[in-house]
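Using the sequences and the accompanying hints, generate a full structural model.
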Amino acid sequence: MRAPFQDFSGIAARIRGANINTDAIIPAAWLRTAHADLGRGLFARWRYDDAGNETAEFVLNREPFRRARILVADENFGSGSSREAAVWALMQFGICCVLAPSFADIFYENAFRNGLLVGRIGSDVLADLDVAISAHPQAPVFAIALSKATIAGPDGTLHSFTIPRSRAQALLRGDDEIAVTLGHLTEIEAFYKAMEQSMPWLYRSPGSGWHSP
Amino acid sequence: MNLPSSNSPRSIFEKIWTAHLVKTLDDGRDLIFISRHILQETTSAQAFESLRSGGRAVRHPELTIATQDHIVSTEPGRDESSNPGGLELLRLMRANAHAHRIRHFGVDDPRQGIVHVIGPELGIALPGCILTCGDSHTSTVGGLGALGIGVGTSEVEHVLATQTLALNRPHTMRITFQGPAPAGVGAKDLILHAIGELGIAAGRGCAVEYAGEPVQSLPVEERLTLCNMSIELGARLGLVAPDEATFAYVRGREFAPPGDMFDRAVAAWRTLPTDTGTRFEQDVVVDCRGLAPQVTWGTSQQDVAGIDQCIPDPSSYPSAQRRELATAAMNYMGLAPGTPLEGIPIDVAFIGSCTNSRLSDLAAAATIVRGRKVAPGVRALVVPGSTSVKRAAEARGLHHVFREAGFEWRDAGCSMCVSINEDLVPPGARCIATSNRNFEHRQGPRSRTHLASPVMVAAAAIAGATTDSRRMMPA
Numbered sequence: 001m002r003a004p005f006q007d008f009s010g011i012a013a014r015i016r017g018a019n020i021n022t023d024a025i026i027p028a029a030w031l032r033t034a035h036a037d038l039g040r041g042l043f044a045r046w047r048y049d050d051a052g053n054e055t056a057e058f059v060l061n062r063e064p065f066r067r068a069r070i071l072v073a074d075e076n077f078g079s080g081s082s083r084e085a086a087v088w089a090l091m092q093f094g095i096c097c098v099l100a101p102s103f104a105d106i107f108y109e110n111a112f113r114n115g116l117l118v119g120r121i122g123s124d125v126l127a128d129l130d131v132a133i134s135a136h137p138q139a140p141v142f143a144i145a146l147s148k149a150t151i152a153g154p155d156g157t158l159h160s161f162t163i164p165r166s167r168a169q170a171l172l173r174g175d176d177e178i179a180v181t182l183g184h185l186t187e188i189e190a191f192y193k194a195m196e197q198s199m200p201w202l203y204r205s206p207g208s209g210w211h212s213p
Numbered sequence: 001m002n003l004p005s006s007n008s009p010r011s012i013f014e015k016i017w018t019a020h021l022v023k024t025l026d027d028g029r030d031l032i033f034i035s036r037h038i039l040q041e042t043t044s045a046q047a048f049e050s051l052r053s054g055g056r057a058v059r060h061p062e063l064t065i066a067t068q069d070h071i072v073s074t075e076p077g078r079d080e081s082s083n084p085g086g087l088e089l090l091r092l093m094r095a096n097a098h099a100h101r102i103r104h105f106g107v108d109d110p111r112q113g114i115v116h117v118i119g120p121e122l123g124i125a126l127p128g129c130i131l132t133c134g135d136s137h138t139s140t141v142g143g144l145g146a147l148g149i150g151v152g153t154s155e156v157e158h159v160l161a162t163q164t165l166a167l168n169r170p171h172t173m174r175i176t177f178q179g180p181a182p183a184g185v186g187a188k189d190l191i192l193h194a195i196g197e198l199g200i201a202a203g204r205g206c207a208v209e210y211a212g213e214p215v216q217s218l219p220v221e222e223r224l225t226l227c228n229m230s231i232e233l234g235a236r237l238g239l240v241a242p243d244e245a246t247f248a249y250v251r252g253r254e255f256a257p258p259g260d261m262f263d264r265a266v267a268a269w270r271t272l273p274t275d276t277g278t279r280f281e282q283d284v285v286v287d288c289r290g291l292a293p294q295v296t297w298g299t300s301q302q303d304v305a306g307i308d309q310c311i312p313d314p315s316s317y318p319s320a321q322r323r324e325l326a327t328a329a330m331n332y333m334g335l336a337p338g339t340p341l342e343g344i345p346i347d348v349a350f351i352g353s354c355t356n357s358r359l360s361d362l363a364a365a366a367t368i369v370r371g372r373k374v375a376p377g378v379r380a381l382v383v384p385g386s387t388s389v390k391r392a393a394e395a396r397g398l399h400h401v402f403r404e405a406g407f408e409w410r411d412a413g414c415s416m417c418v419s420i421n422e423d424l425v426p427p428g429a430r431c432i433a434t435s436n437r438n439f440e441h442r443q444g445p446r447s448r449t450h451l452a453s454p455v456m457v458a459a460a461a462i463a464g465a466t467t468d469s470r471r472m473m474p475a
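Residue numbers (this note's numbering), protein chains in the order written: chain A, 1 to 213; chain B, 1 to 475.
Note that these hints are calculated values from the structure, not bench results. Treat the hints with care, since some could be wrong.
[Said to hold, decoys possible] Only some residues are given here: those of chain A computed to face chain B with a beta carbon under 8 Å: (1) A28; (2) S79; (3) W201.
[What the hints assert, rightly or not] Per the computed footprint, the stretches of chain A lying under chain B, defined by three or more beta-carbons under 8 Å from a beta-carbon of chain B, are: (4) 108-120; (5) 189-195.
Owing to the predicted nature of the structure, the values given are computational and were not obtained by experimental measurement. Even for Gly, the Cβ is constructed at its ideal location relative to N, Cα and C.
Okay, structure coming up:
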């Protein structure tokens with residue numbers, strides 16, 4: 001069981017660039033062990049120079065964005081590699097919500113599996129959030145209300161994001177997807193038995209290795 | 001609601017999907033049975049850990065196999081500890097497979113190799129099956145007419161625990177290549193060109209079927225290359241209808257159905273191709289007549305052109321966003337607009353990866369390399385996609401061809417494509433690679449990558465610069 005998603009207020013950071021890929025979000029060098037400090041590795045090639053020192057200009061190295069909990073991004077965020085560590089790195093840094101016009105397919109699924117809220121926004125909302133973040137450099141604090149699919153700006157202006165209702169409910173309940181699926185186990189196993197009959201070459205090939213290790 | 005009748009025309013995707021549909025869930029997603037699951041060391045450790053802490057078992061180890069490919073050393077004669085930085089994940093893969101009775105093809109096994117190479121090669125991936133793997137290039141097996149779904153680690157755990165995935169049914173898209181494709185132009189050129197034409201997000205949310213004469217006439221291994229890069233179009237799934245060439249490819253492989261069972265399978269597989277009259281939500285044509293060998297110039301696969309072209313002027317793009325991306329890409333790559341794509345000096349030439357490391361890829365590269373020498377100062381390496389590919393290539397003497405020319409002849413693994421092991425492109429160096437991603441820092445910090453086909457990479461290794469492989473083809 002995962003902790004149910006709680007509405008929250010937090011600093012929003014704007015990260016620019018279309019098609020930001022998961023190699024950029026968490027470089028391969030951080031995937032060499034099962035227990036790396038992924039929060040430190042988030043956007044590592046942009047956050048640190050060759051000597052490992054922080055780059056002054058990168059948004060997440062600047063106050064108040066070092067404490068960002070919301071990331072506002074451009075289209076096709078999370079493209080490329082399927083590495084779920086991209087989601088883990090964002091969450092370990094402290095990001096609880098990413099809003100963007102669109103997300104890559106695998107990243108989108110990975111996010112929900114970890115309780116990271118990913119909401120789609122129109123280009124008008126993206127532009128509005130952009131302006132609102134710039135207009136409140138000291139405290140660009142936004143409030144997320146998942147059940148209403150809204151984000152309220154520092155001056156209270158409400159914007160909407162899009163999330164399938166069933167996905168929002170699953171986050172709010174804190175569903176364990178595997179437990180939910182195991183609720184269908186009888187049907188799954190009956191289906192497998194039937195497939196062994198209808199497509200025996202896939203499952204019961206005499207002499208093949210599948211059942212005779 | 002206007003539901004299609006049972007005899008309305010269906011695509012191959014719909015046929016396979018429906019055959020694996022356990023049920024449609026209340027939230028609208030489909031619960032899909034997974035007929036094959038392949039594990040690799042870098043995306044499964046946390047799945048097993050979570051499975052254990054949840055007190056859950058692997059439901060169908062008999063439908064699961066594991067290998068070691070991403071973080072393995074490719075040093076000739078390597079073992080599990082040759083790359084000390086990879087030891088933890090390699091040991092976990094072996095131990096987890098053993099603990100859960102999953103067949104494991106580790107570095108000491110003659111069947112070890114890149115997940116997407118060994119799946120088809122061993123007859124584990126079969127036409128009409130649904131195969132998942134914790135890797136975005138799982139669509140590779142689409143070249144056999146299978147549905148390969150790349151997943152993250154939580155979904156790996158979900159498949160281990162339930163042998164299913166709950167998925168939104170993808171939209172359907174068909175990309176028809178209009179030919180004939182010129183001689184000297186292969187699957188890698190076709191898919192790079194399609195990505196250049198359509199963009200890296202064109203296939204998002206879609207299952208893509210590749211069609212047209214240039215696709216049908218591709219040998220099976222090149223169809224695997226074509227489908228491999230579906231994710232580079234944004235698509236999780238890509239496939240080609242199986243045909244006689246597919247069946248001949250599958251027959252006799254270690255885990256393929258034998259004897260009468262194979263004939264029964266083929267009878268069923270013949271019904272898989274898309275029915276005439278099937279409608280696709282997106283149906284696009286990509287012209288490949290007159291196509292030159294392709295090479296990328298930027299940091300996204302859509303930054304691509306023929307070797308006879310010049311690097312475009314960013315101002316030629318109508319969208320401001322694309323202008324910005326192209327300018328940033330050229331800065332990173334150290335290239336100026338208007339530079340001819342032919343003649344860019346390279347430091348490293350890499351032949352390998354799940355895109356282009358099969359026997360036919362190595363054989364094609366060898367036709368260019370034979371009797372020639374790698375240019376001075378260039379590091380050139382061949383990393384076979386599997387230990388079986390390496391064996392087969394050596395049986396044909398290809399290792400001599402490459403070694404005599406000055407190439408390294410290494411052991412099988414993902415190597416310099418993902419650079420999670422020790423195979424890195426040095427900072428600032430320029431690499432021409434047969435792999436699939438030219439992202440910033442992909443092959444190592446500040447590495448610069450040009451993607452191309454095996455013959456193009458072989459030709460560049462010899463010339464010391466990007467060049468048109470067609471001029472180096474034997475008569």
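To see whether the hints hold, each was checked on the structure:
{"no.": "1", "hint": "A28", "in the structure": "holds (4 Å)"}
{"no.": "2", "hint": "S79", "in the structure": "holds (7 Å)"}
{"no.": "3", "hint": "W201", "in the structure": "holds (4 Å)"}
{"no.": "4", "hint": "108-120", "in the structure": "holds (count 4)"}
{"no.": "5", "hint": "189-195", "in the structure": "holds (count 3)"}
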